[in-house]
Structure formats: C-alpha cells, structure tokens
Amino acid sequence: MIQSRREFLTTARNGLLLGIMGESVTSFAASVDQDPEFSPSNFLSISPSGAVRVFVGQGEMGQDIFSGLAMLVAEELNTPLDEVAVVAAPVSPAFGNSFFPGSPQMTAASSSIKVFYIPYRNAGAAARQMLETAVSTMLDKSVNRILLTNGEVVCDDNDRIPLKLVMPILADLPIPDSLKLKEPSEFQVIGNPQRSIGVEKKVNGTLGYGMDVKVPGAMTAVVAHPPSFGAQITHFDSSTALAIPGVLEVLRIPTGIAVIGENYWVADSGKKALDIDWDESAGQNLSTEGILETYRELASKPGQAFTFNPIPGMDYQLKPSLGPDEYAQHNGAVTIESEFIAPYLAHAPMEPLNCTIFEKDGLIHVHTGTHYQFADKDAVVKTLGVDSSRVKLHTLPMGGSFGRRACPKSDWITEAAQIFKLAQTARTNPIKLVWSREDDITGGWYRPLVLSKVSAALNQDGTIGSWAQRIVGQPAIDHETLSFIGPENIDLTTVDAVGNLVYDIQDKVVDVHHTENLVPVQWMRSVGHSHNVFFVETFMNELADEAGVDQVTFRLNHAKDDRVKRVLQLAAEKGQWNGGLSSDGKAHGVSVHEFYGTYVANMAEVIQVAENKFKIVKIVFGVDLGTVINPDAVRAQMESGAVLALSSTLYGEIDIDRGMPKQSNFDTYRPLRFNQCPDIETHIVSSDLPPTGAGETGVPSVAPAVCNAIAKLRGEYLRALPIAKQGIEIV
Amino acid sequence: MVRKMVINNEEYVLDAPDDMPLLWVLRDILELTGTKFGCGKAQCGACTVLINDSPARSCVTPLSAVAHQEITTIEGLANLPESSLQYAWVEHNVPQCGYCQSGQLMSAAALLRQHPNPTDAEIDQGMSGNICRCGTYPRIKKAIKSVSTISSDVSSDSV
Ligand code: FES
Ligand code: FES
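These protein sequences, in sequence, are chains A and B.
Counted from 1, the first sequence has number 611 at position 611 by the working numbering; the numbering is strictly sequential.
Counted from 1, the second sequence has number 49 at position 49 by the working numbering; the numbering is strictly sequential.
Worth flagging that the hints you see were computed from the coordinates, not collected in a lab.
Remember, it's a predicted structure, so these values are computed and weren't measured experimentally.
Check before you lean on any hint, since a few could be wrong.
Taking CB as the label site, the calculated pair distances span [to be verified]:
{"no.": "1", "chain 1": "B", "residue 1": "Glu70", "chain 2": "A", "residue 2": "Ser239", "range": "40 to 50 Å"}
{"no.": "2", "chain 1": "A", "residue 1": "Leu165", "chain 2": "B", "residue 2": "His115", "range": "28 to 38 Å"}
{"no.": "3", "chain 1": "A", "residue 1": "Gly715", "chain 2": "B", "residue 2": "Ala121", "range": "23 to 33 Å"}
{"no.": "4", "chain 1": "A", "residue 1": "Glu289", "chain 2": "B", "residue 2": "Ala121", "range": "37 to 47 Å"}
{"no.": "5", "chain 1": "B", "residue 1": "Ala78", "chain 2": "A", "residue 2": "Thr428", "range": "30 to 40 Å"}
{"no.": "6", "chain 1": "A", "residue 1": "Glu359", "chain 2": "B", "residue 2": "Asn117", "range": "25 to 35 Å"}
{"no.": "7", "chain 1": "A", "residue 1": "Gly715", "chain 2": "B", "residue 2": "Ala78", "range": "47 to 57 Å"}
Straight-line C-alpha distance at most 25 Å; calculated DSS-like pairs for lysine-lysine [to be verified]:
{"no.": "8", "chain 1": "A", "residue 1": "Lys662", "chain 2": "B", "residue 2": "Lys41"}
{"no.": "9", "chain 1": "A", "residue 1": "Lys392", "chain 2": "A", "residue 2": "Lys382"}
{"no.": "10", "chain 1": "B", "residue 1": "Lys141", "chain 2": "A", "residue 2": "Lys618"}
{"no.": "11", "chain 1": "A", "residue 1": "Lys615", "chain 2": "B", "residue 2": "Lys141"}
{"no.": "12", "chain 1": "A", "residue 1": "Lys574", "chain 2": "B", "residue 2": "Lys142"}
{"no.": "13", "chain 1": "A", "residue 1": "Lys201", "chain 2": "B", "residue 2": "Lys142"}
{"no.": "14", "chain 1": "A", "residue 1": "Lys272", "chain 2": "B", "residue 2": "Lys141"}
{"no.": "15", "chain 1": "A", "residue 1": "Lys725", "chain 2": "A", "residue 2": "Lys618"}
{"no.": "16", "chain 1": "B", "residue 1": "Lys141", "chain 2": "A", "residue 2": "Lys613"}
{"no.": "17", "chain 1": "A", "residue 1": "Lys272", "chain 2": "A", "residue 2": "Lys662"}
Just so it is clear, CB atoms sit at the ideal spot from N, CA and C, and this is done for glycine as well.
Kindly generate the complete structure, drawing on both the sequences and the hints.
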C-alpha cells in the first residue's frame, strides 16, 4: 500500500504546527523523557532514548482503542509493543474523525479502527523508512530491515546503532515520498492477541480517571438537580447547608443549586440539607404510560417515509415527499403484524460523571473523561464567552461511558463551566464537579423510548413478500448537533438496522414519527440498533414460525449477502443450533445484524429452572469485522456488549411517572450480576477485508436471541423490554 | 476529631468527623484514590476494602466503625498473599474501563481468604455484590479460578 506524499505531508506539517511535544498529557504508560524528539506525524514521536509515544485523540473508555492504535504503529515501525506509550492527544482538528461529516474529534459508531487503520500505520511506516534511510547513510550500505528497541536501531539483525546518534541525521531527512506499508502476510503484531496497554494501572488502582484528578486546593461541587423533568426552583434556603462545617458556597446555576465543599461528603451533606421549593407542574402529565399511548396513536398514522437502497453506513435517503400510507399496502398471502417496545435506558457507566475546571496562567483547564472533545471544548468556550485558545481540555481515561460521555449538549461539562463562571470559590480554587449515582440515573440523556409496529406479508412459498415498519420515538440526535442526521431534522439513526436490513426484501417501506417531550435523550452504545435489532429479529422469528421454516434457514433464505450468512452459520454451528428446542429442554434463539460494516450473529441457549425462572447458559457470537487487529479486544467487546445488553434485556428501564424517573440507583436500575452471567463465546471470521469496528457491535443481537430462546419455553413471543417487568426471572 | 489510622500497614494521622464514610476519607483526605465511588449506597462494590479479613463497602462505613481496625485498600493488595490475583487479572486481561476492578480485586481477595479454593457457588456468592458495567465477569471468574488452582497445586505439593 502506497500513500501519496501530498496526502501524508498535510498530516505531518500539522504535527509540527501543533507543537504537541512537551505538553502535559495523560499517559497510560511509564513517564517519558522530554528531550527533543523525532516526530514524523501528529500521531507519533520518538525520543533520543527510544521512548515511542503514540498520540491518540479517540477516547479510551474500556474498548481498548489505545492498544489497537498503538499496535498499528508498532507493526509498521518494527518496535516491540511494550516499548510504546500511548498519550491522550490535545483537542485538535488533526485528530478529527472523518467518519462523521466535518470530522469532529469524537469516538462513536465503532469507527476508530475503520478511520485510523491506515493513518496510524502510515505514521509508523514513515518513521521506519526514515530510520532506514538514516542508518543506511551512517553505515554507508543499504539497510533493508530495522528494529527499534531499547533505544537502539538494530540493522538487518546485525549492527546496533544508538538512536541518539541517528537523531541528527533524521532531523534533516524529508518525509518519504511514498510509504510502503506491510502486506498482511508480513504482520507480526496485527492479528495477534495483545494485552491491554496500561492494564497494570487498572489492577493496582493507579490509573487516574476524572474522578481521581488531584489539583492542589480543589473544592468539590455537587448539584441539587430538579426532582422531575422540567421542574423549576421557586424558592430555596441555603442556611442549613452553609451551617455545615466545610460547606463553602451555595449558588443557583441554570441546572439547579450547586453546593461547594471541602470534599465530596461535606458538599453532599450540604446538598441534602438544602431546602428547595420546586414547581413541578411542567412534568405532571409526563409518564411512560402516557407516552406509550401517544406513540400507539401515532403508529396508526403515516409518518415521514424513507426509501432505501442497500447503502452501507448512514447514507440513507429521504423520500422526496410524504407518500400515501404505504404502511398498509402489502403484497402476499398472509400478513402478520406486531408491536414492539424498547424503554428509556440510562447508560450508568461505573464512574459517575465529573469534571474539574480551573484557571491557571490565563488558561482555563478542563479535565474530564469524554469522547466528544470537539463539542465539549466548544461548550466551555460558549458558556464562558472566552476565546477558544484559552480553553484547554484534557481527555482522561473514562470509567465507562456507553455513549453517555459523548453528550450532544455536553451537559455535565457545561454545568461545571457554569459553576466556574458563577462561583466565588472558583476565583481562588479549582472546582471539581462530581455527580452522584442518583444524578446520573435520574438525570436524563437516556436512550430514547421507542415503539415500533412491523407488518409483513408472506408469499405462498414461505418467503417474505413485503415489509413495512413504523418507528415512533424522540430523535437521539438533533439537527443542531450533527449534520449527519439528514434533511428535515430526521434522525437517521432511528432507522438503523431497518433501513439497512440484513435481508433482501424488495418491497420495503419504513417510516418514522419523531416526538418531543421533556426527557432529554441521546445515543447509547449501538444507537438505533440497540432497539431495532430486537424488533426486527423477534419479528423474523414470528415470520419463520408462521412460514413453518427453521429460524436459521429462514434467515439464510433472505440474507442479503454472504457475510450475513457466514456469521449466522458460524454462530449456529458453534452453538450447536438445535432448531429451537431440544428434548432435554435446551432452548435456542438466534439473531443477526450488521453494524456499519461489522456483521454479528448470536445464538443464545436458555434453560428453564422453574415457572418463569430461567438460566441463560451461553451466548455464542459469530463475528466478521474484516481484518482483525486485536482478537482479544474483539472478544472482550463481545463479552462486554453481551453483559450490557443482558442488563437492559432483563431489567433496564427508566420508568417515568409525573415527570420523575422511578429508578435512581443500582438497587432499582439493576444490572446483570456476576452469578447470572452466562458463558460467552466469540468466533471470528478470518478475513483480509478492511477492518471495521467492535466496540458497540456486541450489544444489539443479544436481546432478540435470548428473548427468542425464552419464547420457546414460554410459548409466547417477548415483544417488550425489559422482561423482568413481565414476571420473568433470570438466575 | 484527630485520630490515627493504620491503612496498608502505614500510619496516618487525620482530622475527620466520626460519621464521615471511610470511602471519602480515603479518597478526599488521604488521596488514596484507588478505592472508587460508584453508587454510595452499598450497591456496586466499587468501594470495597478489607477491614481485617472481611470485605467492606467503604461508602457506607463510617469512620467511627473502623477505629483500631486493620484496613487494606487496593494500594496495599500487592503486599498480601492475594496479590497473585493482580497477576492473574493481567494474565487474563480482565479490565476494560477498569473502574470497578479495585473493588472486584478486593472482593476476590476476601473470597480467597475465606475459601482458598472456592467452588463456583462460593465464587458467585463472593463476587455478586460487585457490578461491572463493562461486563468483565467471565474473565474475573477465569482469573479467580486460575489463582485458586495454583494455590491448590502448591498445597498438594507441600503435603
Ligand atoms: S460505592 Fe460503595 S458499594 Fe457502590
Ligand atoms: S471494567 Fe468497566 S466497570 Fe468493570
């Protein structure tokens, strides 16, 4: 693979302009020296002693992107991976993600590996080629293969030259005209399981998350947020709170009442002591039941229709105009119709949201775990009304996110900026805003509540003649936030996995009703797929059963391409698909979907232990993500997706009554527990197609596969989540 | 009030009220931030420490309850025999975001103290109070089993 010089130079020049070197940055690895460095790209620098630093703008939230990108550099540079440190890059267009229009610095849609596969390899290859040229000059002979290790350049497995001596020559070398990347057959790092970089810090408690930021003099801020959506403060009294020793300040901010104290416990005690009168009239009529009633009514009317070509990614087309109610028109012998519901979900990452903000030497420093730096920095700039050059956002490792730490409105960071702007304490002390778990779970920015009606006609021969689906819900993304949502303010992620169905059905119509209410929503891991795959794949089983065809065969008969077939066959074969229910009581369910180029199928095995009591025995994935960088990371992400999805399948729901979420902590918003966790197997299709992502792709297929297996035992399809609400218990 | 505490075999002198939860004493006063805040309500286990030999949720443990007790946090795990768990965690590449792992490791250490060779049911019981939103449960199970197998080999060797 050769990249043009021009293309590469753009990147390299930005690197020099950026002046990354020597900035204070968060590192996952041992400290690095600060001597003048060799930096042929924004993504890479090498110190004279041989410390290799890889700069990553993508957010690390447990998906192990730091290791993935470091592997790409190590591969092409020919340096051992354990000699590579990964450093969180500053906010800069140089680290923009071209998966999204405008290339915002953002980590989403499992796009990182897809987008940065070539650029990070290029960075390593450029450095290697320049090192080769430099040592060839020094040795006055052509060196064909170098290895960079322990501060030395090992030439053709023979001569060893200290990097220090090579540096002066490197400084005068031009960036190579063309870059020669390794052929897949030459890979030594890519494709081999690698341990996560920085794992040691995660087992000894030393990895510094946002929650652990230590800045001298920092005071903790907590906020009393509205008890129900839309509630307004009519009166508050801070005297009891201020009487608590250690409480420094109480102030009103746009999102509630902030209490600043010497530590979290004191501030939180102050918050509990506040006397606030809220006008809660705005949310009085807001309830899950009421919302569903409205959605049902909408589902009986035509919405905004889409036409679809089998276009990959998000490139859906809007129909030029609203058509007649095509939903009702069907060609076929038998028509069946079902209604599906997926509730509001809180992301509930383990680390509650937090943000530390302070001014030093004229710069406003913001330390937080985020994966939407582009928007977050902008939010601080706008809130404070300062020039963007004065705001420095430090991206920290995240204690989970699942999408929450990429809030379109940067809600918690904006809140921290408000406190910084308004609080007296902020003039003298850094402010560390810390949310409680209750703030997190009751605070909104949920995965939207979605209702969908699907109807299909079966032909005489048992094939699907037509498919009509209507989806009703709030848009997860608004037009103001991102331009990729399409014209007329339609959020195209709402039709994820339906627009690009993995089945070849010629006669298909999908329409959408977007709704509005007081509950703030945003994307959650796997976005529209998180609900739509459940709807589609449950309905596919209903159709297969109606047609009297095996559920795997029925899917294979309609699969749009070989990759869909291959992952499905892989999961069915490895899971030992039994047709649905075997005489020994093992129930099987399957499902398959595509997530922006990654194909995932899943087979779940469930047994019944008592009336309405089940055990999920195993989840077996078949996955095709093209070229695999780190197979162990892929497996980890499938395990992770399965557990997150099982939590929401079983228990996940934010249920709203009078504008107030009924769930508030892990006792009411229950996650899957250790003892309930099934065995999880991942089988990866070997492929040399370009790589796609892993992070979000394990989630969508789990709910339908598990529910379809349980349906076999209960004799009744499960069309609404979570299933605990329907009296089902998982042991 | 001013008091002395011994944490990870080190002596600390601090001034904090009786009812301040141990979690916030560790994190905000002593700057031992390896112990994590996840729920504040004894629901998630992220704040687990050892008090003597038993696991405790430090978010609901007032300072007054730990006077004269031996406290071990994740920062002190490396000095215990159960530090083998940390190697096993690395070997099995357990952590994802890593935020829950201090608590997971301290619960696992307590489990091994009580049951050096835990059965599956004992592992389930010892670990079900710790939430991992990233879903590392299967790897935690493997890592614990690898450690207990090693110790059982050792004990059978020495017999
Ligand atoms: S923070 Fe103590 S159990 Fe969750
Ligand atoms: S590793 Fe992220 S919560 Fe457990």
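Taking the hints in turn, this is what the structure says about them:
Between Glu70(B) and Ser239(A) the C-beta distance comes to about 41 Å, which sits within the given range of 40 to 50 Å. Checked against the hint of 28 to 38 Å, the pair Leu165(A) and His115(B) fails, with Cβ atoms roughly 58 Å apart. Take Gly715(A) and Ala121(B): their Cβ atoms lie about 31 Å apart, and the range 23 to 33 Å holds. Separation of Glu289(A) from Ala121(B) is about 41 Å and conforms to the stated range, judged on CB atoms against 37 to 47 Å.
Range check, Ala78(B) to Thr428(A): about 38 Å between beta-carbon atoms, so the 30 to 40 Å window is met. Restraint check, Glu359(A) to Asn117(B): a C-beta distance of roughly 56 Å breaks the suggested window 25 to 35 Å. Look at Gly715(A) against Ala78(B): about 54 Å separates their beta carbons, and that is inside 47 to 57 Å. Between Lys662(A) and Lys41(B), the direct Cα distance comes to roughly 17 Å. Compliance with the 25 Å bound is thereby established for this hinted pair.
Distance hint between Lys392(A) and Lys382(A) is fulfilled; the C-alpha atoms sit about 14 Å from each other, no more than 25 Å. Annotation: proposed proximity of Lys141(B) to Lys618(A) holds, straight-line Cα distance about 15 Å (limit 25 Å). A distance of roughly 18 Å separates the Cα atoms of Lys615(A) and Lys141(B); the hinted pair therefore holds under the 25 Å criterion. At most 25 Å may separate the alpha-carbon atoms for a hinted pair to count; Lys574(A) and Lys142(B) meet this at roughly 21 Å.
For a cut-off of 25 Å, the pair hint linking Lys201(A) to Lys142(B) stands: about 20 Å separates their Cα positions. At roughly 39 Å between alpha-carbon atoms, Lys272(A) and Lys141(B) are farther apart than 25 Å, so this suggested pair is violated. Proximity of Lys725(A) to Lys618(A) is assessed by CA-CA distance (about 22 Å); at most 25 Å being required, the pair is judged to hold. For the hint pairing Lys141(B) with Lys613(A), the CA-to-CA distance comes to about 23 Å; that is within 25 Å, so the pair holds.
For the given pair, Lys272(A) sits about 19 Å from Lys662(A) by alpha-carbon distance, which is consistent with the 25 Å threshold.
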